[in-house]
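*Asks:* Dock chains S and B against chain X, hints included.
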Amino acid sequence: MKLTLKIWRQKNAQTKGNMQTYPIDGIEGDMSFLEMLDVLNTQLIDKGEEPVVFDHDCREGICGTCSLQINGEPHGPDRLITTCQLHMRKFNDGDTIVIEPFRAKAFPVIKDLMVDRSSFERIQQAGGYISVNTSGNTIDANAIPIEKEHADESFNAAACIGCGACVAACKNASAMLFTAAKVSQFALLPQGQVEASRRVLNMVEQMDKEGFGNCTNTGACEIECPKGISLENIARMNREYLSASLKG
Amino acid sequence: MSILNSKVPSGPLSEKWTKHKNDINLVNPANKRNIDVIVVGTGLAGGSAAATLAELGYNVKTFCYQDSPRRAHSIAAQGGINAAKNYQGDGDSTYRLFYDTIKGGDYRSREENVYRLAEVSANIIDQCVAQGVPFAREYGGLLDNRSFGGVLVSRTFYAKGQTGQQLLLGAYSAMNRQINRGKIKSYTRHEMLDLVIVDGKARGIIARDMVTGELERHSAHAVVIATGGYGNVFYLSTNAMGSNVTASWKIHKRGAFFANPCYTQIHPTCIPVSGDHQSKLTLMSESLRNDGRIWVPKKQEDAEAIQQGKLKPVDLAEEDRDYYLERRYPSFGNLVPRDVASRAAKERCDAGFGVNKTGEAVFLDFAAAIMRYGKEVAAVEHIENPSEEKIRELGEKVIETKYGNLFQMYEKIVDENPYKTPMMIYPAVHYTMGGVWVDYNLETTIPGCYCAGEANYSDHGANRLGASALMQGLADGYFVLPYTIGDYLADDIRTGPISTDLPEFAEAEKNIQEQLDKLINNEGSKSVDHFHKRLGKIMWNKVGMSRNEKGLKEAISEIRELREAFWKDVRVPGDYNEVNPELEKAMRVADFLELGELFAIDALHRNESCGGHFREEYQTEEGEALRDDENFMYTAAWEFKGDPGKAVLHKEELNYENIEVKTRSYK
Amino acid sequence: MFGFNSFEPYFCASEIFEKKTIMGLIKSSIARKVAMALSGLFLVFFLGQHFVINISSVIDPDTFNSWSHFMGTNGLVQFVLQPVLIFGVVFHFVMGFILELQNRKARAINYKSFKGNLSASWASRNMLISGVVVLAFLGLHFYDFWVPEIVHKYIETHPEDPTRYFPELVHKFESPVRVGLYALSFVLLIFHLWHGFASAFQSVGFNNKYSVGLTKFAKFYAVLIPIGFVFIALYHHFNQIPH
Numbered sequence: 044m045k046l047t048l049k050i051w052r053q054k055n056a057q058t059k060g061n062m063q064t065y066p067i068d069g070i071e072g073d074m075s076f077l078e079m080l081d082v083l084n085t086q087l088i089d090k091g092e093e094p095v096v097f098d099h100d101c102r103e104g105i106c107g108t109c110s111l112q113i114n115g116e117p118h119g120p121d122r123l124i125t126t127c128q129l130h131m132r133k134f135n136d137g138d139t140i141v142i143e144p145f146r147a148k149a150f151p152v153i154k155d156l157m158v159d160r161s162s163f164e165r166i167q168q169a170g171g172y173i174s175v176n177t178s179g180n181t182i183d184a185n186a187i188p189i190e191k192e193h194a195d196e197s198f199n200a201a202a203c204i205g206c207g208a209c210v211a212a213c214k215n216a217s218a219m220l221f222t223a224a225k226v227s228q229f230a231l232l233p234q235g236q237v238e239a240s241r242r243v244l245n246m247v248e249q250m251d252k253e254g255f256g257n258c259t260n261t262g263a264c265e266i267e268c269p270k271g272i273s274l275e276n277i278a279r280m281n282r283e284y285l286s287a288s289l290k291g
Numbered sequence: 295m296s297i298l299n300s301k302v303p304s305g306p307l308s309e310k311w312t313k314h315k316n317d318i319n320l321v322n323p324a325n326k327r328n329i330d331v332i333v334v335g336t337g338l339a340g341g342s343a344a345a346t347l348a349e350l351g352y353n354v355k356t357f358c359y360q361d362s363p364r365r366a367h368s369i370a371a372q373g374g375i376n377a378a379k380n381y382q383g384d385g386d387s388t389y390r391l392f393y394d395t396i397k398g399g400d401y402r403s404r405e406e407n408v409y410r411l412a413e414v415s416a417n418i419i420d421q422c423v424a425q426g427v428p429f430a431r432e433y434g435g436l437l438d439n440r441s442f443g444g445v446l447v448s449r450t451f452y453a454k455g456q457t458g459q460q461l462l463l464g465a466y467s468a469m470n471r472q473i474n475r476g477k478i479k480s481y482t483r484h485e486m487l488d489l490v491i492v493d494g495k496a497r498g499i500i501a502r503d504m505v506t507g508e509l510e511r512h513s514a515h516a517v518v519i520a521t522g523g524y525g526n527v528f529y530l531s532t533n534a535m536g537s538n539v540t541a542s543w544k545i546h547k548r549g550a551f552f553a554n555p556c557y558t559q560i561h562p563t564c565i566p567v568s569g570d571h572q573s574k575l576t577l578m579s580e581s582l583r584n585d586g587r588i589w590v591p592k593k594q595e596d597a598e599a600i601q602q603g604k605l606k607p608v609d610l611a612e613e614d615r616d617y618y619l620e621r622r623y624p625s626f627g628n629l630v631p632r633d634v635a636s637r638a639a640k641e642r643c644d645a646g647f648g649v650n651k652t653g654e655a656v657f658l659d660f661a662a663a664i665m666r667y668g669k670e671v672a673a674v675e676h677i678e679n680p681s682e683e684k685i686r687e688l689g690e691k692v693i694e695t696k697y698g699n700l701f702q703m704y705e706k707i708v709d710e711n712p713y714k715t716p717m718m719i720y721p722a723v724h725y726t727m728g729g730v731w732v733d734y735n736l737e738t739t740i741p742g743c744y745c746a747g748e749a750n751y752s753d754h755g756a757n758r759l760g761a762s763a764l765m766q767g768l769a770d771g772y773f774v775l776p777y778t779i780g781d782y783l784a785d786d787i788r789t790g791p792i793s794t795d796l797p798e799f800a801e802a803e804k805n806i807q808e809q810l811d812k813l814i815n816n817e818g819s820k821s822v823d824h825f826h827k828r829l830g831k832i833m834w835n836k837v838g839m840s841r842n843e844k845g846l847k848e849a850i851s852e853i854r855e856l857r858e859a860f861w862k863d864v865r866v867p868g869d870y871n872e873v874n875p876e877l878e879k880a881m882r883v884a885d886f887l888e889l890g891e892l893f894a895i896d897a898l899h900r901n902e903s904c905g906g907h908f909r910e911e912y913q914t915e916e917g918e919a920l921r922d923d924e925n926f927m928y929t930a931a932w933e934f935k936g937d938p939g940k941a942v943l944h945k946e947e948l949n950y951e952n953i954e955v956k957t958r959s960y961k
Numbered sequence: 005m006f007g008f009n010s011f012e013p014y015f016c017a018s019e020i021f022e023k024k025t026i027m028g029l030i031k032s033s034i035a036r037k038v039a040m041a042l043s044g045l046f047l048v049f050f051l052g053q054h055f056v057i058n059i060s061s062v063i064d065p066d067t068f069n070s071w072s073h074f075m076g077t078n079g080l081v082q083f084v085l086q087p088v089l090i091f092g093v094v095f096h097f098v099m100g101f102i103l104e105l106q107n108r109k110a111r112a113i114n115y116k117s118f119k120g121n122l123s124a125s126w127a128s129r130n131m132l133i134s135g136v137v138v139l140a141f142l143g144l145h146f147y148d149f150w151v152p153e154i155v156h157k158y159i160e161t162h163p164e165d166p167t168r169y170f171p172e173l174v175h176k177f178e179s180p181v182r183v184g185l186y187a188l189s190f191v192l193l194i195f196h197l198w199h200g201f202a203s204a205f206q207s208v209g210f211n212n213k214y215s216v217g218l219t220k221f222a223k224f225y226a227v228l229i230p231i232g233f234v235f236i237a238l239y240h241h242f243n244q245i246p247h
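Protein chains in written order, with my numbering: chain X, 44 to 291; chain S, 295 to 961; chain B, 5 to 247.
Chain X extracted, bound-state conformation (with noise of 0.2 Å):
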């Protein structure tokens, strides 16, 4: 199939990027979206021009390293995936298809659709660990039982791969709901039930710090993140930070 591309180039954070024009033709369905850009990128490189630069590592859709804004939607148009799972028989012939790179204040672009994540890793720093020795003295894993609902749940809210589409759908650029996975993946488990108050307080500061916006429950960080992390973890972290705050 034939497409047109638009796509944002920035030389680096210190330039101002505009969006480029890309015609392209000869694209199979089979391909993932990530192929055809390297389908773009070799185009590129061969007439002499600079390819386009963007995030991707395992293209299996688990290191959370890709994103992409695509049509105005972060990982494109289909649900449940991220960008390299994105296979192109999502879209027709004679399509135009905008790429973006994920926009927030706390996500700079380091160069076309390349973004800085850094501060995703300074709110876990922050306090998204149990605080145990790995000396491998600790008790038995079987010692303390947990109710399989609850060992569930927090697994669903572990599955977060970071990948910042949460901030990238919000129309306040909020980073509640990859805080809220992080939160609740302790919250969840008595061996963190010890530090939950620490930990949300000091999490939910460092979230504030960066710049990320407020969040106003509009919920389409839910519906676009790829792996279904439900708003039910703000709630809990909502929940958490205000009996952590009034314990003092």
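Since the hints were derived computationally from the structure, they do not count as laboratory data.
Please note: incorrect hints may appear among the correct ones.
In silico DSBU-like links for lysine-lysine, alpha-carbon gap of 30 Å or less [unchecked claim]:
no.: 1; chain 1: S; residue 1: K651; chain 2: X; residue 2: K45
no.: 2; chain 1: S; residue 1: K820; chain 2: S; residue 2: K940
no.: 3; chain 1: S; residue 1: K651; chain 2: S; residue 2: K669
no.: 4; chain 1: X; residue 1: K54; chain 2: S; residue 2: K820
no.: 5; chain 1: B; residue 1: K176; chain 2: X; residue 2: K49
no.: 6; chain 1: X; residue 1: K252; chain 2: X; residue 2: K59
no.: 7; chain 1: X; residue 1: K191; chain 2: S; residue 2: K696
*Replies:* Using the frame of chain X, we list chains S and B on its own:
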């Protein structure tokens, strides 16, 4: 007498590790503060090692090319992690895990390392649960297990199809705790490009900041390489796009021996190649073989009809199907080890029984499992005389809860519904058992340079069993390396900070700068991918699932030619002082082009078939691998001598004192 | 160049573990969100109470007069609840604007193409628009009812007349333009409540098995109450009493 000293402690096998821990030197806590350690790679091995070393008090710097340590490719491991917990009471034990791993590795791994791995495996699960890893649980609240290929017990712990992700997030959270304390400094989007050796000891690295393009010098008292495997030498593999051999290869060129490069695992259940545009292959977890049955048509004409799309697989009668694994290996059936399953698929496809357009695919069929589960559920729910439709519906639900995410992934990629029509799968390069040679302490032949996880060669012999890679990565990082490295660092308590102004750092940086300049200014005509794809084709066709002398010799000369062509004609756009993925790729492919040759040389010299290494000249009448224990029961460790073609072979003989070496049979 | 400085991590650790104070609560995004929710819920409650009094004007003018008289003369209502209500309204709006400003700043460069409609409802994405319209209406409402009422009671100090409320109310709905504006504002209020009411529970951390029912109730309320107000307006518009 070999110059290789494995430093295996004396004493009975089961007491070696405890004894060793008691005997080695320790560094006191106050002194640890004055010691710096560099960890390159932040997957399961690197991440867990960094966290533990920092916890002990060392100053740690971590490096990863990804934008976050959590994105290392360990994250993609699906199925599970083995541990000899015997929670199921099915007769598991440290010895049995040890035995299975040695046998699975086709008797080509170091006995003592494997025993230690089995010994600490149970601790890993305790540790991960304490860290908050949400493993799958039963309704009673206790941990659940499942079964994997090549074993007869259920010892695999898992978190749906995302076990690697959850374990890595656990290690990453331990890292975060130390980053927050200021004990780890994490360098992301940084790629190590050389090792710096001062007075014969590893004392630092040269890394490139992939955002600014700047070369940086980082010094330390010891360097840990945990950068994973080199499967991307095949271009198409299940590895991440960025996975590379560069760190391992650079230390090899600085003096670390490279062991058994030809031992590569070809995973049997991957989604087949769909066309030339393909950039990577996607694995479908081995756990699918618990319920899926693998088959091809019995008759050639049926296979052809399916290839041409004239016949639907569901329409083929039961008696016209060849469940070749069940036929050939009745006792393990569809759960034979990976190398065996892969070769059997290739054998059928080469014989013309493949089932997709290219003839390079076999079916993985869940119809029988769906009906079996459906009947079970109907019985439990007391549904009288359920229709076949109803049974199928109930069964599909069971399959969905077990493998839903995998089925969804398959459907997104292939655009076929695997509940209704059998999946198509084909083997793909997945894991490299070979790697940097290390002794019992995980130290390479360069003093102060350690290697952990998939990057080293140590535990899996010639073939790795499923769910053992995660186990090894975490065992190395959490429980082995942090002890053994202390033995070395105990001599460094008075050394003080290592200056990065030493001439050795300047020399290494200059070399790398020249290489970068050469690539940028080359003005060739072909992209990096062009060369990488050609290398991949050579490797897959001649150094792939089955190898022969003629093909290997051709491969060696073809790779040499390709390497020359690369340096003459590669085109790298952009500049080195900016974000430049093409330049990054070029540096990695340059190393793959050297490794590829050593890989083929190793495969050529090993005149036997074992595990993932299958030489067509050495097989039984039934087509099974034929080992030559008399002449090849050793680890081949290669020393770099200026050119991969001039590598010198060193042998570490393998002694099995606690296990009877047998012909591996899964029949 | 990049050697390690010697540092003592345990000192930084003690600072990290410093307890967060109530001040921290006020500064945090979650606290602001909860404040929006609580003030919103208060206004929703007030709206319901207001509706009950107003609907009585349709059923029985005498009841309306006596309730209005009570509300207009009771000291607690006048000097405690009324200021609280005004504060609630002002707080809700001011906070809403502050949040909106912060939210706009959180995305420095806008998308060329942004299909927010595919993932979130119009109502949820345009709380500012519906809120501003409701605010404008409140201005009019204050000008129409509250200002004359205060002037009547506290500045001109007319003698008490417990029957004046009903005719005053009815006459306000004489002009079709005013009734039209009134109706339009309440339609926008439907949108505002459609998202706002149910979402307030999420904000205060209430999202569980009862949420489905609660959300249904909230949406029902969001539609029914404003339509009720419009009904009252239309009713009186078409049943004018002669001057």
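*Asks:* All hints are to be evaluated individually against the structure, with a verdict given for each.
*Replies:* How the hints compare with the structure:
Only pairs whose Cα atoms come within 30 Å are accepted, and S:K651 paired with X:K45 is accepted, the gap being roughly 24 Å. Taking the CA atoms of S:K820 and S:K940, the gap is about 28 Å. The hint holds against a cut of 30 Å. A hinted pair counts as satisfied when its Cα atoms are at most 30 Å apart, and S:K651 with S:K669 does not qualify at roughly 35 Å. Our distance criterion of 30 Å between C-alpha atoms is met by X:K54 and S:K820, whose separation comes to about 23 Å.
Our distance criterion of 30 Å between C-alpha atoms is broken by B:K176 and X:K49, whose separation comes to about 56 Å. For the given pair, X:K252 sits about 25 Å from X:K59 by alpha-carbon distance, which is consistent with the 30 Å threshold. Using a Cα cut-off of 30 Å, the hinted pair X:K191 and S:K696 holds, with the two alpha carbons roughly 15 Å apart.
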